[in-house]
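S.K.: Residue strings, one per chain:
Number of protein chains: 4
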Amino acid sequence: MPLDHTARGVYVIAPTPFHPDGRVDLASTDRMTDFFLQQAGCDGMTVLGVMGEAPKLDQAEALDFATRIVRRAGKAGIIVGVSAPGFAAMRALARGVMEAGAAGVMIAPPPALRHDEAVATYFRQAVEAIGNDIPWVLQDYPQLFQVQMPPALIRRIVTDNPSCVMLKHEDWPGLEKISALRGWQADGSLRPLSILCGNGGIFLDFEMERGADGAMTGYAFPDMLAELVRLCAAGERDRAHDLFDAHLPLIRYELQPGVGLAVRKYVLMRRGIIASDAQRKPGSGLSATAKTEVEYLLGRLARHDPRARV
Amino acid sequence: MPLDHTARGVYVIAPTPFHPDGRVDLASTDRMTDFFLQQAGCDGMTVLGVMGEAPKLDQAEALDFATRIVRRAGKAGIIVGVSAPGFAAMRALARGVMEAGAAGVMIAPPPALRHDEAVATYFRQAVEAIGNDIPWVLQDYPQLFQVQMPPALIRRIVTDNPSCVMLKHEDWPGLEKISALRGWQADGSLRPLSILCGNGGIFLDFEMERGADGAMTGYAFPDMLAELVRLCAAGERDRAHDLFDAHLPLIRYELQPGVGLAVRKYVLMRRGIIASDAQRKPGSGLSATAKTEVEYLLGRLARHDPRARV
Amino acid sequence: MPLDHTARGVYVIAPTPFHPDGRVDLASTDRMTDFFLQQAGCDGMTVLGVMGEAPKLDQAEALDFATRIVRRAGKAGIIVGVSAPGFAAMRALARGVMEAGAAGVMIAPPPALRHDEAVATYFRQAVEAIGNDIPWVLQDYPQLFQVQMPPALIRRIVTDNPSCVMLKHEDWPGLEKISALRGWQADGSLRPLSILCGNGGIFLDFEMERGADGAMTGYAFPDMLAELVRLCAAGERDRAHDLFDAHLPLIRYELQPGVGLAVRKYVLMRRGIIASDAQRKPGSGLSATAKTEVEYLLGRLARHDPRARV
Amino acid sequence: MPLDHTARGVYVIAPTPFHPDGRVDLASTDRMTDFFLQQAGCDGMTVLGVMGEAPKLDQAEALDFATRIVRRAGKAGIIVGVSAPGFAAMRALARGVMEAGAAGVMIAPPPALRHDEAVATYFRQAVEAIGNDIPWVLQDYPQLFQVQMPPALIRRIVTDNPSCVMLKHEDWPGLEKISALRGWQADGSLRPLSILCGNGGIFLDFEMERGADGAMTGYAFPDMLAELVRLCAAGERDRAHDLFDAHLPLIRYELQPGVGLAVRKYVLMRRGIIASDAQRKPGSGLSATAKTEVEYLLGRLARHDPRARV
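Respectively, the protein sequence lines represent chains Y, H, X and S. Oh and the first sequence: position 119 is 924 in the numbering used here, straight run, nothing missing. Oh and the second sequence: position 30 is 835 in the numbering used here, straight run, nothing missing. Oh and the third sequence: position 214 is 1019 in the numbering used here, straight run, nothing missing. Oh and the fourth sequence: position 222 is 1027 in the numbering used here, straight run, nothing missing.
Isolated chain Y, as found in the complex:
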């Protein structure tokens, strides 16, 4: 089912599982997909994102990996990151995964864009390249991509491109941006748009209160994210914060640029979801000290949340 603006809940950012020798680990891919969608309560998955080591896959591998997950996922929505240095590669991957049954694609702006017109033009051209029949997610991650999109520019892009159905919100700080966009929707000056939040979930408690529809991030306990979203939806503010606060020390630890993926894969491995925390080269690893720190955090977390008993 194609993605639309009613999407909500948790679309977990999935890593790409590798064997220690660098091959894609298909068994872990299947197990991870099943865990995320059937046990963890996620509504969908996003693959080949920043945390998915996408550039380390060649074109055929990327399409195969996404296709395998799409097929395994059944009715859950799979979003595929298709950002690329050129529109030919973007189009090829986007058309390929949509034919395979993906729900939509995600596009980030290239780092060189420096003013509103350049950003707006880029997304118009990207949509022209992939075709305006593919629902897509606008990724707003200024820290990584160095492109800043204030609310008015997001509204312009959304208005220009009817096939844009979701904002992946990971500006930082970003709470006022959610409020501004939701305010415009309330007064009718912006059409409906799903807003899912990234940044490792480090502001998800308040992002939900500001009006976000859920999370799209790769924190290694997406089951907690799903529970948090449910608590917020149920108006259980204090319980939501209690849950969030218990996880915050680890959320914070996972949010380290570069190192974060290694932490995430390590925790997923310790939870038994993937077989190995290997990254395809060139990858980063955890030092022995870092591993003891993660274990210490898991131990502390386990006092509050049995899911952390690994």
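If you are wondering where the hints come from, they were derived from the structure by calculation, not from laboratory data. Treat the hints loosely; a few may be bogus.
Because identical chains cannot be distinguished in the list, a pair is counted as satisfied if it fits within a single copy or across any two copies.
Calculated cross-link-like contacts (lysine to any residue; reagent style SDA-like; alpha-carbon spacing at most 25 Å) [to be verified]:
| hint | residue 1 | residue 2 |
| --- | --- | --- |
| 1 | Lys1086 | Arg813 |
| 2 | Lys1086 | Gly891 |
| 3 | Lys880 | Pro1054 |
| 4 | Lys1096 | Leu1053 |
| 5 | Lys1096 | Phe840 |
| 6 | Lys1086 | Pro915 |
Guided by the hints, dock chains H, X and S onto chain Y, whose structure is given.
M.R.: Coordinates of chains H, X and S only, in the frame set by chain Y:
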């Protein structure tokens, strides 16, 4: 007493208190200085840093403000940020504050530097400009300054410049950097150096365990930072993390770029330390929603830490 | 006389002459001012610009230097670069030089600005800081400042701020930008605005044909620039290009970032306009090979233009 | 024949010819190849470089295009740009074109690298990815890639990687860098390395005098570049500069970022080398005014160089 490599504890980053009409608030400046140094347990203060709205002061105001705090501080060490677009202004401020009795100065690299030789040359020239008799702090804050200094480059700068006595560590991620530097000191390939940590304190729990000497950051509860440093020094690992974790939701909220200073000033005002949370123009403010979020966080924190009962 | 939108001709970017020991060279300052304004045919001068080593002067020196030139200049217009990391310093210098009789000031955007609203806001705040009674020049130099201002953003800034009277155009490429702005003026959607061109003059031949009012750059033969502007105004296209082309090899050589100032000061010294090519530390110098290259270029130029016989 | 450090002369940067409808124009590709290698006196070609619209081709198109030129080229050396966001794509293209008979590949650093160790590590990993049996060209283009490599870092990379046989030098300014590298080769501290210069050729006159081996750039008169290299090799300094100076106004006009490719393709079309100046979308075009400017420049050039009579 001049700063040297034995400095440890908390050197709180002080904001510059303003009246709502934009004048420097001298009474609040004195009250804040007394609170930080006599009640909160800080070992020193750092003024005119990034959070100090330094560029909004003209040259005379900056010198007056720093001098007032130096005089009020008595024996506690005051460090003054002297980063400037040119060496003439840097020298003038550095010589001025040292004559007034400051303990040392802090220098950040300008954003355009893009390779090791350029960075090393810059600091040699800066030391030549201010004079090699002034103890100084090397500020390593790549997120803000866009200059990256891996451990080997820090060692080179420290070795080149005997008057460099401290690293203000706010790389992110940064834990392995502390371990690398401490390892070199253990094997004799790097001379002693104080390492105080910034980044709003968001990794202070583990930074202390990696060998940091303390904190240099502006979190609005420096009394907690001081307690945390003491707990870590006493080997009370679990109690240190318990204290840290209770504050982490607010630490995280304060760490928002741009907005962070507004949160910080608001909390300091609510604690009665400064009279107003005004920023000199152009300043950022807190929305009504943001204020309720801060109050909610203070309320939750107060269940664990009575200092948050405001 | 205050600067206004009718300004045209050549406002030469003046270097700051130093003695080899680093003191400002006042005699050379006076001689240079006289040469530029009385002999070279310049209509004005711009001091404390990027090429003026402005950050190496402290606040008092900068004001003294600008004031001396303003007084010496008589009726010719002196524009003073007042870009600063904070508005306090910007205001102090701007008010100071205007009281001394400057014609206007020039403001560049700080490098961190990344979207239209941020840029527009910055200039509104800058004008509020210096006062809306000071005529000012908008400096558009994306290569150096990393801030991109497409024509629509320039129009917005000019429209927002009635005291903005001139664009210093040094975008690259930039010819279409001039055409776009002049087109809007022709159709009434942009008020009159002086456009003077920088970038070392390397596109001045075609910039004049696109509608520029003249040059604001520091090429060491401003007398040639003034002659070129006159030839263009007189419709002498081929003669203008002949003159320009004869100088282009040296213009190109001067346009090297960093090294350019050393070339410029060397040529001004060889022309007898300033006594020394010294830069205040930290400065760049010319290698012996580079000096022979400049001499070779001067020799070749002298076959076409007797002004190059030094 | 594989590329090695003895390469010299002109390796012209080839555009990718397109039909107006966006298909690769194979007839123009062949005609261009023949012209460059058989008539213009070029020693080789570089395809899929920055000016080659490489990211607009998908993986298969890129390999097909490079292969066609390699086969047409006969014994002349074809270098293929293989820079990619990930090593999987880089390896696939590099292995593919070498199997087809390319002479070597060219690799540029990704923009995010900010210190020496990061840059050196990147190239070690790239060589590991493509295999250390492929001769490669180090592209040093800080203006575009924002990565700065001072001479000592280039030496480190060259020393680390024996398969690096050439530097594409397009730092700006860059003359002293050539002198530094050649000085190290003279004193034995750097092994032999071919240095070909880019930047549109705008400093080729002096770059040759500093010791460069030739040009690797896309100026639309590579026949002039080849003649210039021969004149320099023959010690005909004044004749070399006379030739260069005649072309400099157009060289300068072509060097405009973004617009440059449109100028280049337009001139190649006017010279009858390619059938259309079309760029695959998203492309830039020349305004009517710009075209008249190019025609004017060609007309002026034709007085000195009959090759410009189009």
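S.K.: If a hint holds in the structure, say so; if it doesn't, say that too.
M.R.: Each hint tested on the structure:
In this assembly of identical chains, the alpha carbons of Lys1086 and Arg813 never lie at most 25 Å apart, being 34 Å within a copy and 35 Å across copies at closest. Within a single copy, Lys1086 and Gly891 get their C-alpha atoms as close as 23 Å, and across copies as close as 10 Å, so both meet the 25 Å cut-off. Taking the shortest alpha-carbon separations for Lys880 and Pro1054, neither the intra-copy value of 34 Å nor the inter-copy value of 36 Å comes in at or below 25 Å. Both within a single protomer and between protomers do Lys1096 and Leu1053 lie at most 25 Å apart by alpha-carbon distance, with minima of 18 Å and 21 Å respectively.
Taking identical chains as interchangeable, the C-alpha atoms of Lys1096 and Phe840 lie at most 25 Å apart only when both belong to the same chain, with a minimum of 24 Å there against 39 Å between chains. Proximity of Lys1086 and Pro915 under a CA criterion of 25 Å is satisfied in both settings, with 23 Å inside one chain copy and 16 Å between copies.
Comparing the model with each numbered hint stated earlier shows that hints 1, 3 do not hold.
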